[in-house]
Structures are given as C-alpha cells and as structure tokens.
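Protein chains: 2
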Amino acid sequence: MVSLGPGFPEYVIPRAKAALDAAQVVAGYRTYLDLIKPFLTHQEILSSGMKAEVKRCQAAIDRARAGQWVALVSSGDAGIYGMAGLVLEICAARGLKVGPPEDNGEVDFHLEMVPGVPALGAAAALLGAPLMHDFAVISLSDLLTPWEMIQKRVELAAAGDLVIVLYNPKSKKRDWQLGAVREILLKVKDPATPVGIVVKARREGQEVTVTTLAEMLMHQVDMQTIVIVGNSQTFTYGPYMITPRGYLSKYQVGEDSSQ
Amino acid sequence: MVSLGPGFPEYVIPRAKAALDAAQVVAGYRTYLDLIKPFLTHQEILSSGMKAEVKRCQAAIDRARAGQWVALVSSGDAGIYGMAGLVLEICAARGLKVGPPEDNGEVDFHLEMVPGVPALGAAAALLGAPLMHDFAVISLSDLLTPWEMIQKRVELAAAGDLVIVLYNPKSKKRDWQLGAVREILLKVKDPATPVGIVVKARREGQEVTVTTLAEMLMHQVDMQTIVIVGNSQTFTYGPYMITPRGYLSKYQVGEDSSQ
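Residue numbers (my numbering), protein chains in the order written: chain A, 794 to 1052; chain B, 794 to 1052.
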C-alpha cells in the first residue's frame, strides 16, 4: 500500500519510490497512475476509474495472493481517507491472514503500509502554519456517512475551538455542503476567522487562498481541495494564516536574539 | 522550514533532502540533528536543547536575514505542532516581510515550508488503518493550553464519535493526563474500543501495540508516542486496527473478484 503524497516525485518518500521500483504490478486510480507513469518501467499497470475502488483492491489482493509484488497506490496518505482501510477490510472479509513484512509467522501475504505527506499537511504548508494547535479533520462527503453526523461533528469541533480541516468540500453532485458548514460555523465563530483554501496542492492548477469565514464561498473549490478554518486565535500575516501554539503567553517571540 | 518525517533517510521527501543539501546552516533540536548528522557535509550546525525553541528560531531568522540559506529542521511535519508557526510568529512580531520562494515582491527573506510525513501518519500506517474516517488531533501538553480546554476537546471529540489522535500523552513532569483522558472516554465509549499505541515510529526503540480503552494504561508511553483511540466502528483484525470508511454499508467487500 503505497502513498504517493501530493506530488511526484519531489513529495514522495524514498520508501514509496523503492516499493514502486520493486513492484511487478502497480494498481491504482487512473488519474494518479497517469502522474507516475513516467517513472514506471517494467511494471504491469492495473488502472481503473474512480468508482472501482473495491474491484481495484480485490484485484491487487488476488495478485498478491498469487505471489506477485504489488504496489497499490493512493494519493496523499493512503492511511487518511485512503485505500489502506479498504484493503484490510477486504482481507478480513475473506478471512485472509496478512501481516507486516517483519512478521515471521504464516501469512497469505505480507502487507506494508507506506505513509506519505497527507493532503492536509501539503495544504497547511502552503498556507503558513494553521495546524499548530489541536484540530479536527472532517470529510463533507455524505456518500457513506449521514449528513446529520457530519453536521454534528462540525458543531462539536466549533464548540471546542478546534481548527477544522475539511476534506471533499465539493463534488459535481455535492454542491451545497460547504455552504451549510459555513452557516453552522457562523453561529459561533467570528466572520473574520481566517480560512485557507488550497486547490490541487503541489499539482498543476494549484491555487492557494487565505480568506475569511464570511467570504470563503467566493473562491473556487473542488474535489481536490482542502479547506482549513482557523480557531479563535488564528491570525493572518502577509500571505499566511498562523494558529499560535497555545492559549497562554508563556513565551516571548518579540525579542531580537542579536541584542 | 524543513520537515524530517519520522525517520531519516527513508521517510524524508526529496524536497526536504534537497533543502538540507542546499543549506549553508542547519538549525534544530539537538536530538533530531544527531539523527541526520551522517548526511550533513558542509553545513554549519546550530543545535540547541528542547527548551530553546524560541532562541533557535530567532537564530535561524537572523542568519536568513543576513543572506544565508538556512534549513530549520523539525521532526515529523513542521506544520503539525511543529516549529513552522513559531518562525512565522517571530517574523510577525519583528515586523519582517517574508514570502514563499515564488514571491517576486520585496521581502526580508524567502521562506519555504517543506511538509513531511507527520507522526500521526507514521503511527497510523504501523497500526493498520485507524484514520479512514473523521478524526480529532489533540495534544495533552498543558504547558501552553489550560487543562480544562484539553478536557473539553476530548469530551466533544468523543461525543462526535471522532477517532482521536493524542500527541504528547506523557512526559517526565506530566504523568496523569492520559489516565484522565481515559476516564473521560470511558464515560461514553465501550471499554473494548480499540486503541493503538506507537512509540518512536520508524526509529530505534519502535513499539507498536493494539490494545483497548480498558487496558491502554498497561503499556509504555512517552513523549515520542502517538495514541489513537478508535471510533464506535473501529475493529481489530490480526495485528491491525481498522476504522471503516463510513457508517453505511453501500459497498460489498466480501465478494471475490476472481469468481
């Protein structure tokens, strides 16, 4: 299970690159495979469309059971809203025994989860430092989660003054959720709260915007967008949004060390 | 601002390695600098102890203002409870103008935030797939945050059935917080809820444990430990903990694609 991070090859860890190089088969979502194709040489490629996630994982598992070295790739971090869970769920449902490479017991195949730079981290780095304090990560996709649950989580995160990271803010079929979240947040948060919007981090078409809760809907948002809403302490500074490390002023940042 | 990820060199993105190679000065916490020292050649090294964070950032900023290429390193992702915010806070307090490398305007110096694999991602990968659904990330350090705030956030995260990632669960001086959090969680969560504990992910001394909320205090925990508490759907499977992708059963994982 190989995480590709936000962009290839500069943002992919050597461990992931080595797994791709060693693989006989590389399986993944077509769009992401296209990004790494220039770096694939001998590998057989199993690509599939966006809705074919379960089949893709099943095919990868079948190949691994047959003794092949398989790299199933996932954008960002496969362990954060990625394919890692689905692979394990399918193995569990099939009663397979899998374990990490260092497992010396009898297994149907070895499975290594190679982490990567997650979309939330790539976005945060482009925005400055919004994640210096506690945060909640919430997906606005209501495909597998009831909307009431998503709404409740946004309310609770706001009540706890957590920085809020929103995944999947919008898709072609889901266009009202981000507006609904903004309404919920405006009930308890200052309209001037900084909001960062990062479209396609470290990919072609990247756009980075620091705006406010009041004006956040005036900017382009899509499936590959991360939205980060600040906490009560978050402030802007030049092109950046910054969440301080704490709520107490135990440290002095103003003094000049050269004095 | 260079993120070192969980382990060097296999878990560090090429972009970070390139920044280190290009640097004239590398500044950081002594323990982390020791890990990367074998890979440093020509760079001047500014190392300092754990409590000297502000001074370290100030020294790095002074060097950058003097025109030197400086890599300020941070373990994991510098943008998640790391040094990225402190650097920007100090720049803001001093009235400096900084901007990303692609900024063509007049700045005191250019600043690039290089993301990395965060501790939470490294831990999640070792535990299986605990972060497939919404989660809260909460630090138990009450050095800069009132304990009442931390406690409230844990309560709200539990009320929202978020997976909970705990940073800084324990230090030499703070030894009761994790137990207090467990008590809060036991009020609303099943004692059998899976809990993952990862000590020193991808470093010497790594330990990975999947246990339960009831028994979580029976395992070693330190400053470099990440604790992940599952949501109501999280289950264990062999050595792994898995949080399903949703609350609805819209997808079938049991069928065998080879049939």
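No wet-lab data here; the hints were simulated from the structure. Don't take each hint at face value.
Note that identical chains are pooled: a pair holds if it fits in a single copy or bridges any two copies.
To be verified - Cut-off 25 Å, straight-line C-alpha distance, at most; resulting in silico cross-link-like pairs (PhoX-like, lysine-lysine):
hint, residue 1, residue 2
1, 945, 980
2, 830, 810
3, 980, 848
- Task: With 25 Å as the alpha-carbon cut-off, assign the pair residue 830 and residue 810 to within, between, both or neither.
- Result: both (12 Å within a copy, 23 Å between copies)
- Identical-chain pair category, residue 980 with residue 848, by Cα at 25 Å: neither (43 Å within a copy, 40 Å between copies)
- Status of residue 980 relative to residue 945 across identical chains (alpha carbons, at most 25 Å): both (13 Å within a copy, 19 Å between copies)
The structure is inconsistent with hint 3 alone, although it conforms to all the rest.
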